[in-house]
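Student: Using the hints provided, position chain B relative to the given structure of chain A.
There are 2 protein chains.
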Amino acid sequence: MKKYPTHLIKLIDVLKRLPGVGNKSAERFAFDLIDWPQSHLKEMAAVLDSLRDHLDHCQECGCLVGKEGCPFCNLDKRDPKLLCIVAYPKDVFALEDTHEYRGVYHVLGNLLSPLEGKGPEQLRLSQLRQRIADLQVKEVVIALDSTLEGDATALYLKKELENSQLSISRLAFGLPMGSSLDYVDGGTLARAFAGRARF
Amino acid sequence: MKKYPTHLIKLIDVLKRLPGVGNKSAERFAFDLIDWPQSHLKEMAAVLDSLRDHLDHCQECGCLVGKEGCPFCNLDKRDPKLLCIVAYPKDVFALEDTHEYRGVYHVLGNLLSPLEGKGPEQLRLSQLRQRIADLQVKEVVIALDSTLEGDATALYLKKELENSQLSISRLAFGLPMGSSLDYVDGGTLARAFAGRARF
Numbered sequence: 001m002k003k004y005p006t007h008l009i010k011l012i013d014v015l016k017r018l019p020g021v022g023n024k025s026a027e028r029f030a031f032d033l034i035d036w037p038q039s040h041l042k043e044m045a046a047v048l049d050s051l052r053d054h055l056d057h058c059q060e061c062g063c064l065v066g067k068e069g070c071p072f073c074n075l076d077k078r079d080p081k082l083l084c085i086v087a088y089p090k091d092v093f094a095l096e097d098t099h100e101y102r103g104v105y106h107v108l109g110n111l112l113s114p115l116e117g118k119g120p121e122q123l124r125l126s127q128l129r130q131r132i133a134d135l136q137v138k139e140v141v142i143a144l145d146s147t148l149e150g151d152a153t154a155l156y157l158k159k160e161l162e163n164s165q166l167s168i169s170r171l172a173f174g175l176p177m178g179s180s181l182d183y184v185d186g187g188t189l190a191r192a193f194a195g196r197a198r199f
Numbered sequence: 200m201k202k203y204p205t206h207l208i209k210l211i212d213v214l215k216r217l218p219g220v221g222n223k224s225a226e227r228f229a230f231d232l233i234d235w236p237q238s239h240l241k242e243m244a245a246v247l248d249s250l251r252d253h254l255d256h257c258q259e260c261g262c263l264v265g266k267e268g269c270p271f272c273n274l275d276k277r278d279p280k281l282l283c284i285v286a287y288p289k290d291v292f293a294l295e296d297t298h299e300y301r302g303v304y305h306v307l308g309n310l311l312s313p314l315e316g317k318g319p320e321q322l323r324l325s326q327l328r329q330r331i332a333d334l335q336v337k338e339v340v341i342a343l344d345s346t347l348e349g350d351a352t353a354l355y356l357k358k359e360l361e362n363s364q365l366s367i368s369r370l371a372f373g374l375p376m377g378s379s380l381d382y383v384d385g386g387t388l389a390r391a392f393a394g395r396a397r398f
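Protein sequences appear in the order of chains A and B.
Numbering-wise (my numbering), the first sequence opens with residue 1 and increments by one.
Numbering-wise (my numbering), the second sequence opens with residue 200 and increments by one.
It cannot be assumed that every hint is accurate.
[As the list claims (entries may be wrong)] Under the rule of at most 27 Å between Cα atoms (straight-line distance), these lysine-lysine pairs were calculated in the DSS-like manner:
1) 241(B) x 67(A)
2) 90(A) x 118(A)
3) 201(B) x 90(A)
In case anyone wonders, no lab produced these hints; they're calculated from the structure.
On a predicted model such as this, the values are computed, not experimentally measured, just so you know.
One chain only, chain A, in its complex shape (with noise of 0.2 Å):
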């Protein structure tokens, strides 16, 4: 660490608490934050002070819900008959962009990761089980990663509720739009390839 003064290595030190940011991105954001207005400085910091004021995860699905209460669980407005279980609250978002799913969500909060130390007691599964039998829950679509986590999750998943009378499926596996297929790699080539449907 460079001769910096103490209350600019403490900055630096906060800042590379972010994910994927290292020693010289956090001093390229210290150096930058030095020169902002106080208004904005004071504004992140009132932001960050109140967040978890604001911010709470719902008890029932486990998405990221502001003080208005969470949107996924308004059954209202929802198919409770349909369960998409992802990772993340982010995906949730992501899914709710396509405007293409009016079912419940589920987050799991964590993917399998023996390696990470995360085991199959970090995904609530408990509250899952316990909601598919409140909602009555006909369909559940898992909607995790194509990773060698996600994989392993949902693979752990359908083994779990295999035994219900649930229909459960898994998102397609195949070409991302707009893409060439020399471009795409074998992996996904092949799981395109054996997806095919009719035409």
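Tutor: Chain B alone, transformed into the frame defined by chain A:
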């Protein structure tokens, strides 16, 4: 913008003011911040809130200083006959890190950039002249970026200071340490060739 809760939108907007942070990065930061422990959030808020109370620009050299005063303007420990001109406070810390330089600094605060509306009046030139006279400076080292703006500013400074009895130099251009000839760009190679020294 996705249908985020109000406070989350505010947080993302505030984070987007950081340099090089667009929508995606700000969203990533925001969702990470939500999971931070309350103590870390409060700490970051406090550091930002009190930034101006702890950090300021030195009235003399223009560098960034804490409450402990400017270590680079302490003439008991630094040679005031040698003055190094840099563009930004962060450059001072980079040069200090080399442990090669024991003179004083002058931070311009900007580089000439007509496209960005930055002219000579934004370069703290009157303070520079005043300090050169006050400190009875004998040698000036121009330590500016090797960019178009850096070159333009260096040439401008040279013209401005030419009539005084100063020895003026600029940082050397050439191969960076540890580089292979065939990976160095043509411009650098040409400057290194032109600046070759007896070996």
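Student: Next, verify each hint and record whether it holds.
Tutor: Against the structure, the hints:
no., hint, result
1, 241(B) x 67(A), "holds, 20 Å"
2, 90(A) x 118(A), "holds, 19 Å"
3, 201(B) x 90(A), "holds, 10 Å"
When held up to the earlier numbered hints, the structure conflicts with none and fits them all.
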